[in-house]
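Below, each chain spelled out in residue letters.
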Amino acid sequence: MGNVFLIAEQKDGQVKRVSLEILSELTRQGVTTTTLVPGFGDMGQVAESLVNHGAHKVVVLEHEGLKQYNTEAYANAVFSYLSSQNPTAIITGATSHGKDFLPRVAAKFKAGLVADGISFQFSGDKVSVKKPVYAGKCSKSVEFSGGPAVFSVRPNVLPTQAANKSGSVEKVTADPGNVKAKIVSSVASQVKKVELTEADIIISGGRSLKSADNFKILADCAATLGAAVGASRAAVDAGYAPHDMQVGQTGKTVSPKLYIACGISGAIQHLAGMRTSKVIVAINKDPEAPIFQKSDYGIVGDLFEVVPLLTEELKRLKSQS
Amino acid sequence: MNIIVLIKQVPDTETKVRITSDKKGIETNDIKWIINPYDEFAIEEGLKTKEKLKEGTVTVVTVGPDRTVEALRTAVAMGADNAVHVKVDGMLDTYLVSRALAEVCKKENGHIIFTGKQAIDDDQAATFSYVAELLNYPSATVVVKCDISADKTKATLEQEGDGGAKNIIETALPAVIGVNKGINTPRYASLPGIMKAKKKEIKTYTLNDLGLGSETNKTVEMDYQLPPERAAGKKLSGDIPAQVKELVRLLREEAKVV
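Each protein sequence line maps, in turn, to chains A and B. For the first sequence, the numbering used here assigns the number 26 to the initial residue and increments by one for each residue that follows. For the second sequence, the numbering used here assigns the number 1304 to the initial residue and increments by one for each residue that follows.
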């Protein structure tokens, strides 16, 4: 299977879980992988986590210009290392950063690219990647012809598994090249929010929330669960929630462990964005709402009554455990 | 200033996807085709940029079969000055589409290139950055605000970051900018615009014209699958407080997710 490279992602010296998910899957398939970590500063913890999940060889691509994520710098640094390595596969997590820089790496190799895969299979010299299309209304399996196989893998779909292995760690000085676009300032959200696409639990609201203020009842429940808050297109179009919270075909595609849909009827374009959630709960006044056909558990009732009770019950449970 | 907008024609979001019998694609007979919703924001941003600068031309570009000319005409009806169609019959992958788009951007001498952050059919979200790299231009995506400097050598962008963060990006121009919903409200086509669009001459290229005649896709689609149907689950019963208690118990003991 040749020279397989995983580009691991870290933030402030902490590895992103999706990197471990991909590594665990590569280990399970017996694929020997070199893991690259673009960054700057102490990458000790990152390297340790990677080795503990089966990394044979970790190469930290170090440069001050990689301390903060930058599209061009990441792509240039990765390519400066890989250009002499004759890679057969280049993989990263389909995070906002991964989806941003990986096409540049593919372009440098003039290679084919599959973004946001939900599974992949190496066999002999070939790799096949399965990816959802039409926001998950269907999926397709894709193989590569000529050049390295470049693909990204969606967070939260593959399990992590610790491996009892030892791996080597080395550091090389990377070249971030000439950077023409830079983040000059960044303001975090006033409310600390969990990124939807990486959240384990999501509680989403539809137009029946009736106002932006009412989303607070979902936020309270989310805080109890450590969950992210999502919204349907109808709620976003009505101005109750910002677009970065939208789940569905013109928003984000998510696959959390638990998705709680509150006052969401289940339009086809919303279902497309959340149908791969492991467990779906629907709370809706309308017993005929299509969302009930797709959910594991359903409560027919008014979300304004149900959600606060749910928050209370979860709090009670938390205080007991 | 040459403003270029890269657009794609995609099936309407209400489309119920059916897979062809050979599993090589989806049934397209009764599909309603629309401009990719994110690309509509890109068209609007192109038009607004021209209006703000009080100069320049807006050129829309697409790659696809004959039907995609309709998307170009819609963009012209909204106000685009020129339209370029790269006429291909088969399915092109991200690699080959990006190569074609990059060649057109070179021919048209694009100074700022707008496109949607992703197309809602293949959901690759990769073209803007693939094209940018081929052109050796900077890029930014999920952009919700774009201001071009008075001397037109750079742009200040606002980008939606993870978890609701806002990033301010400064980029040199030329650049490729992937726009997100929220950046503007796309205008409707005007009646004179629609009349103009009907008569508009559309520049057409083949891959051969772009020097890509011997290029092929770098990916091969093997087969399409529908997702497994989810079986409808339990609707709980009893009064609401009892249902909530039961739900939490099931989530903990049966589903083991809380």
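Since the hints were derived computationally from the structure, they do not count as laboratory data. Be aware that one or more of the hints could be misleading.
Calculated Cβ distances over 10 Å to all of chain A for the following chain B residues [stated by the list, open to error]:
#, residue
1, Lys-1335
2, Glu-1436
3, Thr-1474
4, Lys-1499
Using 20 Å as the maximum straight-line C-alpha spacing, the simulated SDA-like pairs for lysine to any residue come out as follows [stated by the list, open to error]:
#, chain 1, residue 1, chain 2, residue 2
5, A, Lys-303, B, Lys-1559
6, B, Lys-1455, A, Gln-186
7, B, Lys-1326, A, Glu-337
8, B, Lys-1327, A, Lys-135
9, A, Lys-303, B, Pro-1530
10, B, Lys-1469, A, Ser-210
11, A, Lys-277, B, Gly-1466
12, A, Lys-340, B, Ile-1543
13, B, Lys-1559, A, Glu-337
14, B, Lys-1559, A, Thr-185
15, A, Lys-135, B, Lys-1469
16, A, Lys-303, B, Pro-1531
17, A, Lys-205, B, Lys-1326
Note that CB positions come from ideal geometry on N, CA and C, so glycine has one too.
Quick rundown of the hints versus the structure:
{"no.": "1", "hint": "Lys-1335", "verdict": "13 Å, holds"}
{"no.": "2", "hint": "Glu-1436", "verdict": "4 Å, violated"}
{"no.": "3", "hint": "Thr-1474", "verdict": "4 Å, violated"}
{"no.": "4", "hint": "Lys-1499", "verdict": "29 Å, holds"}
{"no.": "5", "hint": "A:Lys-303 - B:Lys-1559", "verdict": "11 Å, holds"}
{"no.": "6", "hint": "B:Lys-1455 - A:Gln-186", "verdict": "51 Å, violated"}
{"no.": "7", "hint": "B:Lys-1326 - A:Glu-337", "verdict": "48 Å, violated"}
{"no.": "8", "hint": "B:Lys-1327 - A:Lys-135", "verdict": "25 Å, violated"}
{"no.": "9", "hint": "A:Lys-303 - B:Pro-1530", "verdict": "13 Å, holds"}
{"no.": "10", "hint": "B:Lys-1469 - A:Ser-210", "verdict": "8 Å, holds"}
{"no.": "11", "hint": "A:Lys-277 - B:Gly-1466", "verdict": "12 Å, holds"}
{"no.": "12", "hint": "A:Lys-340 - B:Ile-1543", "verdict": "17 Å, holds"}
{"no.": "13", "hint": "B:Lys-1559 - A:Glu-337", "verdict": "19 Å, holds"}
{"no.": "14", "hint": "B:Lys-1559 - A:Thr-185", "verdict": "17 Å, holds"}
{"no.": "15", "hint": "A:Lys-135 - B:Lys-1469", "verdict": "32 Å, violated"}
{"no.": "16", "hint": "A:Lys-303 - B:Pro-1531", "verdict": "13 Å, holds"}
{"no.": "17", "hint": "A:Lys-205 - B:Lys-1326", "verdict": "43 Å, violated"}
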